[in-house]
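Keeping their order, the protein sequence lines are chains C and U.
Numbers 1 to 66, taken from this note's numbering, label the letters of the first sequence in order.
Numbers 1 to 222, taken from this note's numbering, label the letters of the second sequence in order.
Bear in mind the hints are in silico, worked out from the structure with no lab data behind them.
Hints may contain errors.
[Stated by the list, open to error] Computed list of lysine-lysine pairs in BS3-like fashion (alpha-carbon distance at most 25 Å, straight line): (1) U:Lys3 - C:Lys18; (2) U:Lys3 - U:Lys217; (3) U:Lys131 - U:Lys38; (4) U:Lys200 - C:Lys3; (5) C:Lys3 - U:Lys38; (6) U:Lys131 - U:Lys102; (7) C:Lys3 - U:Lys3; (8) C:Lys3 - U:Lys194; (9) U:Lys107 - U:Lys220; (10) C:Lys18 - U:Lys219; (11) U:Lys131 - C:Lys3; (12) C:Lys3 - U:Lys107.
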Amino acid sequence: MEKLIITAAVTGGEYVSKATTPYVPSTIDEIVEEVVRSVETGASIVHLHAKTLRLVKLGLVIQTHC
Amino acid sequence: MLKEYISRIRELVDVVINISTGGGRIGNPPEKWDELVKERCQLGAEMMSLNMGTMNRWAEHPTGPIFLNTVEMIERWCGFMAEANVKPEHEVYDTGMINICKQLAEKRIVPEPLHIQFVMVGRTGILPTPKALIYCLDQLPQSWTWSVCALGRNEIPMAAIAMAIGGHVRVGFEDNIYLRHNVLAKSNSELVRKVVNIAKELDRPIATPDDTREILKLKKPI
Numbered sequence: 001m002e003k004l005i006i007t008a009a010v011t012g013g014e015y016v017s018k019a020t021t022p023y024v025p026s027t028i029d030e031i032v033e034e035v036v037r038s039v040e041t042g043a044s045i046v047h048l049h050a051k052t053l054r055l056v057k058l059g060l061v062i063q064t065h066c
Numbered sequence: 001m002l003k004e005y006i007s008r009i010r011e012l013v014d015v016v017i018n019i020s021t022g023g024g025r026i027g028n029p030p031e032k033w034d035e036l037v038k039e040r041c042q043l044g045a046e047m048m049s050l051n052m053g054t055m056n057r058w059a060e061h062p063t064g065p066i067f068l069n070t071v072e073m074i075e076r077w078c079g080f081m082a083e084a085n086v087k088p089e090h091e092v093y094d095t096g097m098i099n100i101c102k103q104l105a106e107k108r109i110v111p112e113p114l115h116i117q118f119v120m121v122g123r124t125g126i127l128p129t130p131k132a133l134i135y136c137l138d139q140l141p142q143s144w145t146w147s148v149c150a151l152g153r154n155e156i157p158m159a160a161i162a163m164a165i166g167g168h169v170r171v172g173f174e175d176n177i178y179l180r181h182n183v184l185a186k187s188n189s190e191l192v193r194k195v196v197n198i199a200k201e202l203d204r205p206i207a208t209p210d211d212t213r214e215i216l217k218l219k220k221p222i
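Could you put together the complete structure from these sequences and hints?
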């Protein structure tokens with residue numbers, strides 16, 4: 001059988017934040033760690049977005065910026 | 001900023017890095033998007049995802065309800081990627097977008113084989129069902145490669161179907177946060193582990209990053 005390419009889309013994109021799940025990586029350290037763990041488990045492609053912190057009235061939120 | 005992510009990852013692990021063409025739009029009007037995409041082609045990523053058309057967003061978003069990617073934009077951006085040796089991952093959200101992929105190949109804007117990611121979001125896009133997937137596959141040229149990602153509880157079942165019939169898969173928090181019903185995954189790697197286990201039963205060996213470069217015919221980014 002043909003080899004299987006597993007892509008890990010680890011950052012949660014623009015729709016997933018810590019409010020959605022506490023386990024979503026949001027800082028660069030957390031995201032890099034999640035990439036490494038996913039690759040060690042079998043992912044060969046990582047689909048990556050960068051995230052930036054933005055302060056709003058209700059507190060600190062995570063905004064995906066690219 | 002993405003550059004820092006990429007260099008940090010490269011220091012620690014070998015992996016094919018795929019970034020998006022759609023990022024950075026918040027606060028940037030469409031006139032600036034060519035420039036954004038061009039810059040992204042220079043960051044050392046081997047692949048970039050590209051939505052193959054304009055569509056209604058399936059959830060609220062700061063840039064509004066429409067995700068805008070005209071055919072002209074798609075053609076220009078594929079040109080930028082070709083110049084930089086970056087391979088597009090053509091994200092297909094609806095069946096008509098397959099035709100746009102075919103036109104890119106016919107016009108020789110993107111060299112064949114193309115790599116398609118079927119993003120089966122339901123709601124505003126294609127339904128995550130076996131029947132819908134088979135309909136899509138019937139239209140793909142034999143030489144092209146393809147992968148499936150489905151949202152939420154459909155992620156793993158659709159991945160299993162794709163694996164059983166020779167496709168590739170995408171999993172992770174961008175598409176699904178649950179390991180099983182009512183149980184949050186604690187890491188993306190738990191979702192990767194699930195598909196690795198299924199692959200083992202199906203006798204699909206797991207591609208290494210170098211295998212992946214060979215299968216997708218990736219080039220070294222300029």
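Hints versus structure:
Distance check on the hinted pair: Lys3 of chain U and Lys18 of chain C sit about 24 Å apart at the alpha-carbon level, within 25 Å; holds. Pair hint Lys3 of chain U plus Lys217 of chain U holds up; C-alpha atoms about 23 Å apart against a cutoff of 25 Å. Between Lys131 of chain U and Lys38 of chain U the CA atoms are separated by roughly 37 Å; this puts the pair beyond 25 Å, and the hint is violated. Pair hint Lys200 of chain U plus Lys3 of chain C holds up; C-alpha atoms about 11 Å apart against a cutoff of 25 Å.
Pair hint Lys3 of chain C plus Lys38 of chain U does not hold up; C-alpha atoms about 32 Å apart against a cutoff of 25 Å. For the hint linking Lys131 of chain U to Lys102 of chain U, the alpha-carbon distance of about 21 Å falls within 25 Å, and the restraint holds. Taken as a hint, the Lys3 of chain C and Lys3 of chain U pair is broken in the structure, with Cα atoms around 30 Å apart against an allowance of 25 Å. Between Lys3 of chain C and Lys194 of chain U, the direct Cα distance comes to roughly 16 Å. Compliance with the 25 Å bound is thereby established for this hinted pair.
The straight-line distance between the Cα atoms of Lys107 of chain U and Lys220 of chain U is roughly 24 Å, inside the 25 Å bound, and the hint therefore holds. With a C-alpha separation of about 36 Å, the suggested pair Lys18 of chain C and Lys219 of chain U falls outside the 25 Å cut-off, and the hint is violated. Distance restraint check for Lys131 of chain U and Lys3 of chain C: the Cα-Cα separation of roughly 24 Å lies within the 25 Å cut-off, and the hinted pair is therefore satisfied. At roughly 30 Å between alpha-carbon atoms, Lys3 of chain C and Lys107 of chain U are farther apart than 25 Å, so this suggested pair is violated.
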